[in-house]
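Protein chains in written order, with my numbering: chain Z, 1 to 459; chain L, 460 to 948.
Read the hints as simulated data drawn from the structure, not as lab findings.
Being a predicted model, the structure only gives us computed values, none of them experimental.
Incorrect hints may have been included.
Cut-off 30 Å, straight-line C-alpha distance, at most; resulting in silico cross-link-like pairs (BS3-like, lysine-lysine) [to be verified]:
1) Lys22/Z to Lys604/L
2) Lys155/Z to Lys906/L
3) Lys939/L to Lys304/Z
4) Lys299/Z to Lys894/L
5) Lys576/L to Lys249/Z
6) Lys523/L to Lys894/L
7) Lys232/Z to Lys906/L
8) Lys16/Z to Lys939/L
9) Lys474/L to Lys22/Z
10) Lys190/Z to Lys523/L
11) Lys249/Z to Lys474/L
12) Lys304/Z to Lys576/L
13) Lys304/Z to Lys604/L
14) Lys155/Z to Lys232/Z
15) Lys299/Z to Lys912/L
16) Lys474/L to Lys233/Z
17) Lys155/Z to Lys474/L
18) Lys16/Z to Lys894/L
19) Lys523/L to Lys153/Z
20) Lys604/L to Lys299/Z
21) Lys779/L to Lys283/Z
22) Lys299/Z to Lys939/L
23) Lys153/Z to Lys604/L
Counterexamples of contact, computed for chain Z against chain L with all Cβ distances above 12 Å [what the hints assert, rightly or not]:
24) Arg77
25) Val183
26) Asp225
27) Gly255
Each residue gets a CB set at the ideal place from its N, CA and C atoms; glycine is no exception.
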Amino acid sequence: MVFVPHTEEERQAMLKAIGVEKMDDLFYDVPARYRYPTLGLEAPLTEMEVLEELRELSEANLNAYRTPTFLGAGIYRHWVPAVVDYVLSRGEFYTAYTPYQAEISQGTLTAIFEYQSLICDLTGMEVANASHYDGATAAAEAVIQAYNVFRGKRKKVVLAPTLHPHYREVIRTYTQGMGLEIVGDEALEKPLEEVVEMVDEQTFAFIVQTPNFFGEIEPLEGLADEVHTRGKKALLAVAVNPISLGLLKPPGEYGADIVFGDGQPLGLGLNFGGPTLGFYATKMRYVHQMAGRIVGETKDVEGKRGFVLTLTSREQHIRRHRATSNICSNQGIMTLAATVYLSALGKDGLRKVALANYHKAHYAAERIAALPGYTVVADKPFFNEFVVECPAPVAEINDFLLNEWDYEIIGGYDLSRDYPHLARHMLVAVTEMNGRDEIDDFVEALRAFADYHQVEVEA
Amino acid sequence: MTEPLIFELSIPGRKGVRLPELDVPESELPADLLRDDLPLPEVSEVDVVRHYLRLSQLNYAVDKGIYPLGSCTMKYNPKINEVAARLPGFVGIHPLQDELTVQGALYLMYHLQEQLKAISGFDAISLQPAAGAHGELTGVLIMRKYHLDRGETQRDTMLIPDSAHGTNPASTSMSGLRVVEIPSDARGNVDLEAMKAYMNERLIGIMITNPNTLGLFDENLEAICQMVHEAGGLVYGDGANMNALMGIMRPAEIGIDVMHFNLHKTFSTPHGGGGPGSGPVGVVAKLADFLPAPIVVKEVDAEEEAEEEAPLYTFYDPPKSIGRVKSFWGHFSVMIKAYTYIRMLGDEGVRRAAEYAVLNANYLLSRIRDVYPLPYDRICKHEFVVEGRFEDAPGVRALDIAKRLIDYGVHPPTNYFPLIVHEALMIEPTETESKQEVDRYADILLKIAEEAKTDPDLLHEAPHNAPVRRLDEVYAARQKILRYRRDQQ
Ligand SMILES: Cc1ncc(COP(=O)(O)O)c(C=O)c1O
Numbered sequence: 001m002v003f004v005p006h007t008e009e010e011r012q013a014m015l016k017a018i019g020v021e022k023m024d025d026l027f028y029d030v031p032a033r034y035r036y037p038t039l040g041l042e043a044p045l046t047e048m049e050v051l052e053e054l055r056e057l058s059e060a061n062l063n064a065y066r067t068p069t070f071l072g073a074g075i076y077r078h079w080v081p082a083v084v085d086y087v088l089s090r091g092e093f094y095t096a097y098t099p100y101q102a103e104i105s106q107g108t109l110t111a112i113f114e115y116q117s118l119i120c121d122l123t124g125m126e127v128a129n130a131s132h133y134d135g136a137t138a139a140a141e142a143v144i145q146a147y148n149v150f151r152g153k154r155k156k157v158v159l160a161p162t163l164h165p166h167y168r169e170v171i172r173t174y175t176q177g178m179g180l181e182i183v184g185d186e187a188l189e190k191p192l193e194e195v196v197e198m199v200d201e202q203t204f205a206f207i208v209q210t211p212n213f214f215g216e217i218e219p220l221e222g223l224a225d226e227v228h229t230r231g232k233k234a235l236l237a238v239a240v241n242p243i244s245l246g247l248l249k250p251p252g253e254y255g256a257d258i259v260f261g262d263g264q265p266l267g268l269g270l271n272f273g274g275p276t277l278g279f280y281a282t283k284m285r286y287v288h289q290m291a292g293r294i295v296g297e298t299k300d301v302e303g304k305r306g307f308v309l310t311l312t313s314r315e316q317h318i319r320r321h322r323a324t325s326n327i328c329s330n331q332g333i334m335t336l337a338a339t340v341y342l343s344a345l346g347k348d349g350l351r352k353v354a355l356a357n358y359h360k361a362h363y364a365a366e367r368i369a370a371l372p373g374y375t376v377v378a379d380k381p382f383f384n385e386f387v388v389e390c391p392a393p394v395a396e397i398n399d400f401l402l403n404e405w406d407y408e409i410i411g412g413y414d415l416s417r418d419y420p421h422l423a424r425h426m427l428v429a430v431t432e433m434n435g436r437d438e439i440d441d442f443v444e445a446l447r448a449f450a451d452y453h454q455v456e457v458e459a
Numbered sequence: 460m461t462e463p464l465i466f467e468l469s470i471p472g473r474k475g476v477r478l479p480e481l482d483v484p485e486s487e488l489p490a491d492l493l494r495d496d497l498p499l500p501e502v503s504e505v506d507v508v509r510h511y512l513r514l515s516q517l518n519y520a521v522d523k524g525i526y527p528l529g530s531c532t533m534k535y536n537p538k539i540n541e542v543a544a545r546l547p548g549f550v551g552i553h554p555l556q557d558e559l560t561v562q563g564a565l566y567l568m569y570h571l572q573e574q575l576k577a578i579s580g581f582d583a584i585s586l587q588p589a590a591g592a593h594g595e596l597t598g599v600l601i602m603r604k605y606h607l608d609r610g611e612t613q614r615d616t617m618l619i620p621d622s623a624h625g626t627n628p629a630s631t632s633m634s635g636l637r638v639v640e641i642p643s644d645a646r647g648n649v650d651l652e653a654m655k656a657y658m659n660e661r662l663i664g665i666m667i668t669n670p671n672t673l674g675l676f677d678e679n680l681e682a683i684c685q686m687v688h689e690a691g692g693l694v695y696g697d698g699a700n701m702n703a704l705m706g707i708m709r710p711a712e713i714g715i716d717v718m719h720f721n722l723h724k725t726f727s728t729p730h731g732g733g734g735p736g737s738g739p740v741g742v743v744a745k746l747a748d749f750l751p752a753p754i755v756v757k758e759v760d761a762e763e764e765a766e767e768e769a770p771l772y773t774f775y776d777p778p779k780s781i782g783r784v785k786s787f788w789g790h791f792s793v794m795i796k797a798y799t800y801i802r803m804l805g806d807e808g809v810r811r812a813a814e815y816a817v818l819n820a821n822y823l824l825s826r827i828r829d830v831y832p833l834p835y836d837r838i839c840k841h842e843f844v845v846e847g848r849f850e851d852a853p854g855v856r857a858l859d860i861a862k863r864l865i866d867y868g869v870h871p872p873t874n875y876f877p878l879i880v881h882e883a884l885m886i887e888p889t890e891t892e893s894k895q896e897v898d899r900y901a902d903i904l905l906k907i908a909e910e911a912k913t914d915p916d917l918l919h920e921a922p923h924n925a926p927v928r929r930l931d932e933v934y935a936a937r938q939k940i941l942r943y944r945r946d947q948q
C-alpha cells in the first residue's frame, strides 16, 4: 500500500465502526455503471525504480547550467546560494498550507511580511502583496487593478510593444470577457515616445517594461507625469527585472503606480520556466484594489508582535463574485526563496550581482559588435540583455552553435518568433554565470559561423 | 514569539554570500539611472540560516502531524518527489531551449497529460494553469469561447451552487459572465428545481464541485449534467475534491465537460505554505481546440521514421485557443512531483488512495458524530462538515474549537466554509493518516467538546500553547502595517 498505513485488521475495525460491511458500501452513491473504471496507468514502481526512470528523463535534457548559455527572454540563469535550497527544504515550510491559522503559521507569515518589505524596498513602492503566479499573470492583474481604480468607466489600456510577448498575450487572455480596448502593440516597431501619445482620457493604464524585452533601460524620467497628464490620472504600471534594481533607480522613484515583474531571477532555478513568482507592488492608496494575499503586523492578546493575513475583504473567499481577483494559492515557497536570496546576498551582494550582469553583458556586446557581419542594436542603455542583428536567421546560427561548433552552446533568443520585422535578430542574455572564457568562446563561435556562412553564400 | 525580523538583525557593513571577482573590464555606468541607496539587509550567511530555521520552527506542517484542513487535501508529500524535482537535468533547463534538447521534459509532460486523461476520462489536457483558481479561469474562458465560436453570443449566465468555493464565482465574473447562485437541497445536493428557471438560451453552464464542499457525492449529478446539456450549456467540474474519486469514477464519463485538477492536493505535491500549485485543465473532445496554448503532443511520424532530427515530443497550439494563461509551460517542477507520485501508485494505488481517504473520513465522523452536530447525515466522501457549536455551551464558536485544537498540537480543520453550514468545521483527514492519528484527533475533538461545557474560557482564550496567543485581526486591518519601516521602528 503506497502511502496508506492501514493494516487489514484496522480496516475491518474502521468499517465496523462506520457501520458498513465493505469498502464498496462507502461508494453506494456513485452510479454503479461508472464505478471502478479500469484506468490503464502503467504498472506501479517503487521509489528506487521511479528515480531511475526520472534520472534517465532528466539526463535526456541538455542542462543549461553545464552548457554555455546566452538565453534569457524572461528566464535567467543566476547563481543560487546554497542557503536558499536549504531553507526551502525545511518540511515546516514546504509542507504547510496557506497560513490560515496564524498562531501556528508565524514562520510563513513572518517570512511573507519580510518578502513584502523587501519588494517594497527594491521597487520603491509602498505596499506589496504575497505574490502572483508569475510576471505575466501579475501584468494581467495590474491591468485589472487599474481598470477597477476607475470602476470600469474607462476601457482603454495602452501596452508598450516592448513588453514581454507572454505578458501581452496573458493580458489579452485574462481580459477577453471584459470588453477592453487594448492598444499600443499593433505596430511593434513604434518607439515608446509615440506609444505614450496613445494615452488619452479614456485610458486607465499604460504598461511598460524596463529593462524592456530587448534588454534596454527605458527612460522613465517624466513618464509618470506624462501618463498622468495625458490620461487624466491614468495609472503607470512598470514591469521590471528585480536584479536590475540592485543597480538602477526603482520605478517607484519615478512615480510609477504599480510595479511588478517575474521574481525568477531571485534565487529560483530555470525549471523549464516554472514555477516562478509574480511580484507586485503599488501605492497605499490602491491597496483595496490590489489582488492577492497580504500579510500585516498585529499583536496577540498579550501584546506580543505577530503577523496575520489581512485586508481579506478584497478576496474571493469573502467577496466571491465581487472579489478583486480569483487568486487563492499563489507562489508561497517561491517568495521564501526570494526572501532568503535577497537576505543572503544583501545590500552589497545584490549590487555586485547587478554590476556583474551589467559589465559582462557590455563586454559581450562590445566583442560581438566588433565581429564582421554582426551589429549590436542598442539605442538606449541596456542591462544584461541586448539585441544583435546577425548575418543569417537566428535559428540557423543557434543550430550551428548547438550542433556544429566544437561543443554545445545554447545561443540567444530568436526574436523573429515574436517580432517578424526582426528577422535576423538575436536577444543575447549575459549574467554573472557567464565566465569570460564562455563569452569569448561564444564570440569565436559567432565569428566561425559568419565565416562558414560566407563560404556557403559564395558557394 | 521573540524572533526578530531579518531587518532587525542587520548590521551596517556586514556581508553575506560572496561572488567571484569581475573577470571582464568595467564599462561605463549610466550615472543618471543609478539608484542612491539599496536598503537590503546586511547579514551573514549564518544569520540567514539561523533566522529562517527558527522561523520554520514556528510553523505547523504535514511533516509534523495530521493536518485535516477540509478542501485542501493535506496528504503526506513523498520525499522522493523532492529528490526527483531537484535532478540537475530538470532544474537546469531553460524554457526556450530547442525542443530537441528537452525531450526528457516533454516526455514527462506528455505522459502526465496521459495519466490525467486516464484518471479523469477527458480527451485533452493543458498543464499550463498555475493553481486551482487559475484552472477555473481557464475552464470558464474555454466555455465562453466555445459558445461564442458557435455564434451563441447571448449566453452569459453561469450557475454556481451556494456551497461552492469562492474562487468559482470570482473566476466567472473575471471572465465577464453573470453569476447565479443555486441553493442546495435538504440532502446537500444541488437543488434541481431551482436550476430549472435558468435552463434557457442565456445559459453558459454550471460550475459544480463533486463531491461537493460538504464532502457529499451529489446524488443528482447525472441529472444535472443532462439538464444543462439539454439547455445547450456545459458542465464545469471543480476538481479540488478528486481525492475522493480517482480510480472510483471518471468525471468525464458522467457528463462533466471541463475540469481542473489540483496537483497540489490530489497528487501529493507540497503546498509550500501557499503555493506553488498546479491546476491542469481537462476537457472533452469538442473543447480540445480551445485549450490554452501550448500543449505537448507526440509526433507519431517522427517515431516511425526514427529520424534523429525531428523531435518526438513537441509543443502544439490548439487552433481556437483562448490564448496562453501564463508565461512558458506551467509549473514544471510541480508536474515532476505529480508524475512521480502517479507512477508509483498505478491503477490500484490511486484507487486505494481514494478508498482510504473516504474510509478515514467516515471513521473520524463515526467517532464524533454524536457530539458535533451533523447537518447532512450521509456517508461522506473524503471529507465532512460538522457544526462547531453545542446547545449546552452557547458561547462557544467554531473558531474557539479551532484555536483550542492548536493547544493539543494538531492542526484545526477548515472553518466557516462552506458558507451554508453554521459554524462550519470541515474535516479532511486524507488517506495517509493512520488509524492511530485519526483516533488521536477524534479524542482531542471529544475532549474539547467536554471542555466547551465545563470550562468554555479555556476555548475562548485559546491557544495557550503556541508561539503566539490569539492574534488581533481587526487591529491588523485597521493599522495596515504591511511592511517593515526602518524609520518608524
Ligand atoms: C473547492 C475548491 N476549489 C478551488 C480551490 C482553489 O484552488 P487553488 O488554491 O489551487 O487556486 C480550492 C482551494 O482551496 C478549493 O478548495
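To see whether the hints hold, each was checked on the structure:
no.	hint	verdict
1	Lys22/Z to Lys604/L	violated (45 Å)
2	Lys155/Z to Lys906/L	violated (58 Å)
3	Lys939/L to Lys304/Z	holds (17 Å)
4	Lys299/Z to Lys894/L	violated (38 Å)
5	Lys576/L to Lys249/Z	violated (49 Å)
6	Lys523/L to Lys894/L	holds (16 Å)
7	Lys232/Z to Lys906/L	violated (62 Å)
8	Lys16/Z to Lys939/L	violated (53 Å)
9	Lys474/L to Lys22/Z	violated (63 Å)
10	Lys190/Z to Lys523/L	violated (57 Å)
11	Lys249/Z to Lys474/L	holds (22 Å)
12	Lys304/Z to Lys576/L	violated (51 Å)
13	Lys304/Z to Lys604/L	violated (52 Å)
14	Lys155/Z to Lys232/Z	holds (14 Å)
15	Lys299/Z to Lys912/L	holds (29 Å)
16	Lys474/L to Lys233/Z	violated (42 Å)
17	Lys155/Z to Lys474/L	violated (49 Å)
18	Lys16/Z to Lys894/L	holds (13 Å)
19	Lys523/L to Lys153/Z	violated (50 Å)
20	Lys604/L to Lys299/Z	violated (48 Å)
21	Lys779/L to Lys283/Z	violated (38 Å)
22	Lys299/Z to Lys939/L	holds (12 Å)
23	Lys153/Z to Lys604/L	holds (25 Å)
24	Arg77	violated (7 Å)
25	Val183	holds (17 Å)
26	Asp225	holds (17 Å)
27	Gly255	holds (15 Å)
Checked against the numbered hints given earlier, the structure breaks hints 1, 2, 4, 5, 7, 8, 9, 10, 12, 13, 16, 17, 19, 20, 21 and 24 and satisfies all the rest.
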